[in-house]
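Participant: Sequence:
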Amino acid sequence: MWSPADKVRARNSEYKSHGRSTTFPEISSFFHPSNYRGKNVVVTNTNTFKKSFTYLLLLALIGIVTIDFIFRRFGELTIFENITNISMDKKSVEGEFTFKNVNNIFQSIDVLKVRRIALFQKNNGISVISIKHTLKNSTIAELNSNLILYTRDEQKSTSLQRRIMRDIEKGLIDDTVGLMVLLLKHKIMASESPLYPIIRILPSVNWFKTNGIFSMNRKDFDVASYGTSMEGIYESIEKHCKLATSYIYSSIIKREFGIPQSVDYLNGPPITQYDIQWAYMIVRSYSLEISDGIAFVPSLVFIRKTNKDSNFQVVMEAYKGDDGGDRKAEIPEYEGIGNNTHIKQTFKLISKKNILKGEEIIYKDDRSLTDSEIFISRGQWLLNSHKMILPVVFPKSILVDSHKKSIDNSQKLSIRHLYSNNTFSSDKSINSNLTNIILKKFDCSLDTLYYYYFEEINATNGKFTFCLKLLSYIKHSSETHTILSVDPLQILKPLERNIEMDAASIGISIIQNKIDKLRSSTANIINYFGHKSINQLPIIKVREAEMIILRNIIKNLHNWYYIVSDIDTYESYYYYLLHN
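Here UniProt numbering is used: the first residue of the sequence shown is 1, the next is one more, and so on.
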């Protein structure tokens, strides 16, 4: 008789001899113990098990996604982490609400007659969309000015508002401190404030203790931020917080806040250092520049900030408080905040272009999207494509004539010389007053701090390039006064080859200095922080991101220099810019 192993070999041989598909599972060739003899036992290979396991995993994943979709649809707890500061949790604690509750706040907060927007829940948070097709220069939403905190609001009749405006005009405080004080006034009013619903869903005081810039001490931050765009920010923040503290605890403002004049607070100060820091971060993250001041507009808290152009603008309009009666009744009043006057003003969101139904309402804010700002406001590392606001100062030494080097005729001539009688001379004395007027006109003044937005994937900035070319143009031009009448777009067109080369060289020098400064602090950081990990120091990731961007910027500047320094490639460059 055949043993079980022999039977297995015989059956496998039979399958192969009949040309069975190679995908048919063969019977395993190992020998079974004696207790399996006489039983119909067939053991297949592991492919079937792997496929079954894969199918089970796929079904489990589909189930998780389906459940998560159902929860999102009905405003329940979301499975995947919500990266926004407004949580969709169902927990009834401060700052956490279901989408339904947040939507109710959005629907009821500060909106008057016109409304063409609605809140929409996205996979990673919330956004505001248009619910109607809106033409350019049309009203998207009309807001109630009584619920908007604005540092230069001349219509508010409260004594606190008037005091803040006067002190801003006198230079005792700035708009940031003024808005911090107004916001803190509403915070201590708690449920009596009409802004209470919106304040509740903002990040709390305790949240900022462990997240963002205030989770680091001043010394650690200064060491880690040296050479980055964040250098000096902690010092500036501390100045604002100290000024706000001393201002609030002055006798006049204490009376406005209802704080006892006695300095002996048995249960601690009514407004703590953490409250002041909270107010600063809310103003920094959510305020909006309007005219000469800044404002906190509740509805705009929900609008997503991007680096794309805004599709709306905020416009203030004045009207009489007694026209028609109905409108006056729509404006809520409460004692101490925004009493009715004969002349009132309203804020409107006006479309800057045609907006389709369902299109998202977005607000351009380059600063809040940078790696450094995300760390300062959240203490998190979220970006895939790095962004930065580069602080630049053009030194006066740029316009100092350097020693003339001998250059051949091919370097002296450019394509433009062949078609124009205009000539440029490097041998000139610069009229400093006229030069300063020209540079100020085009926002390229010397020894002045400017900020330029750069991205990792597109490390160029048209305004930065324009200033480099303008400075080089002035340096090499014998007729500086003619620049006052020049169209700015002419500067961006191809110039003399030596002017283009010098412009690229100026940019390379500026960026190289920043790279050298950033590199110089590496050893000090390693010695100071020791063996701490990146997870413990997310600010180090900001340094890394900004170094990547700086290297991409200087790479583009070097490419520019190489193109214009060669007569053949310069010709192609010239005609490309001329026609584009």
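Keep in mind that the hints are not guaranteed to be accurate.
[To be verified] So the derived label-pair ranges between C-beta atoms look like this: (1) Leu61 x Gln536: 29 to 35 Å; (2) Pro269 x Lys441: 46 to 52 Å; (3) Leu58 x Ser385: 27 to 33 Å; (4) Ile67 x Val205: 33 to 39 Å; (5) Gln512 x Leu577: 22 to 28 Å; (6) Ile67 x Leu356: 31 to 37 Å; (7) Ser262 x Asp516: 52 to 58 Å; (8) Tyr450 x Thr272: 34 to 40 Å; (9) Val205 x Ile350: 34 to 40 Å.
[To be verified] Result set (DSS-like, lysine-lysine): computed pairs, CA atoms no more than 25 Å apart in a straight line: (10) Lys493 x Lys541; (11) Lys517 x Lys441; (12) Lys305 x Lys122; (13) Lys132 x Lys441; (14) Lys209 x Lys239; (15) Lys254 x Lys239; (16) Lys517 x Lys493; (17) Lys305 x Lys463.
No wet-lab data here; the hints were simulated from the structure. We put the CB at the ideal spot given by N, CA and C, even for glycine.
Participant: Given the hinted pair Lys517 and Lys493, is their alpha-carbon gap at most 25 Å?
Facilitator: Outside the cut-off at roughly 33 Å; violated.
Participant: Is the distance from the Cβ of Ser262 to the Cβ of Asp516 consistent with 52 to 58 Å?
Facilitator: Holds, since Ser262 and Asp516 (Cβ atoms, about 55 Å apart) stay within the stated range.
Participant: Does the beta carbon distance between Ile67 and Leu356 stay inside 31 to 37 Å, or does it fall outside?
Facilitator: holds (32 Å)
Participant: Given the hinted pair Lys305 and Lys463, is their Cα-Cα distance within 25 Å?
Facilitator: holds (22 Å)
Participant: For the range 22 to 28 Å, tell me whether the beta carbons of Gln512 and Leu577 fit it or not.
Facilitator: For Gln512 and Leu577 the Cβ distance comes to about 25 Å; the hint holds.
Participant: Do the alpha carbons of Lys209 and Lys239 lie within 25 Å of each other, as the hint requires?
Facilitator: Roughly 18 Å between the alpha carbons, so the hint for Lys209 and Lys239 holds.
Participant: Given the hint that Lys254 pairs with Lys239, test it: the Cα-Cα distance must not exceed 25 Å.
Facilitator: holds (20 Å)
Participant: Holds or violated: Lys493 and Lys541, Cα atoms, limit 25 Å.
Facilitator: violated (38 Å)
Participant: Holds or violated: are the alpha carbons of Lys517 and Lys441 at most 25 Å from each other?
Facilitator: At roughly 31 Å apart (the allowed maximum being 25 Å), Lys441 and Lys517 break the hint.
Participant: Taking 25 Å as the top limit, are the C-alpha atoms of Lys305 and Lys122 close enough?
Facilitator: This hinted pair holds, its Cα atoms lying about 15 Å apart.
Participant: For the pair Ile67 and Val205, does the Cβ-Cβ distance stay inside 33 to 39 Å?
Facilitator: holds (34 Å)
Participant: Just to be sure I understand the hint, the distance between the Cβ atoms of Tyr450 and Thr272 should be within 34 to 40 Å; is that true here?
Facilitator: holds (37 Å)
When each numbered hint is compared with the structure, violations occur for hints 10, 11, 13 and 16.
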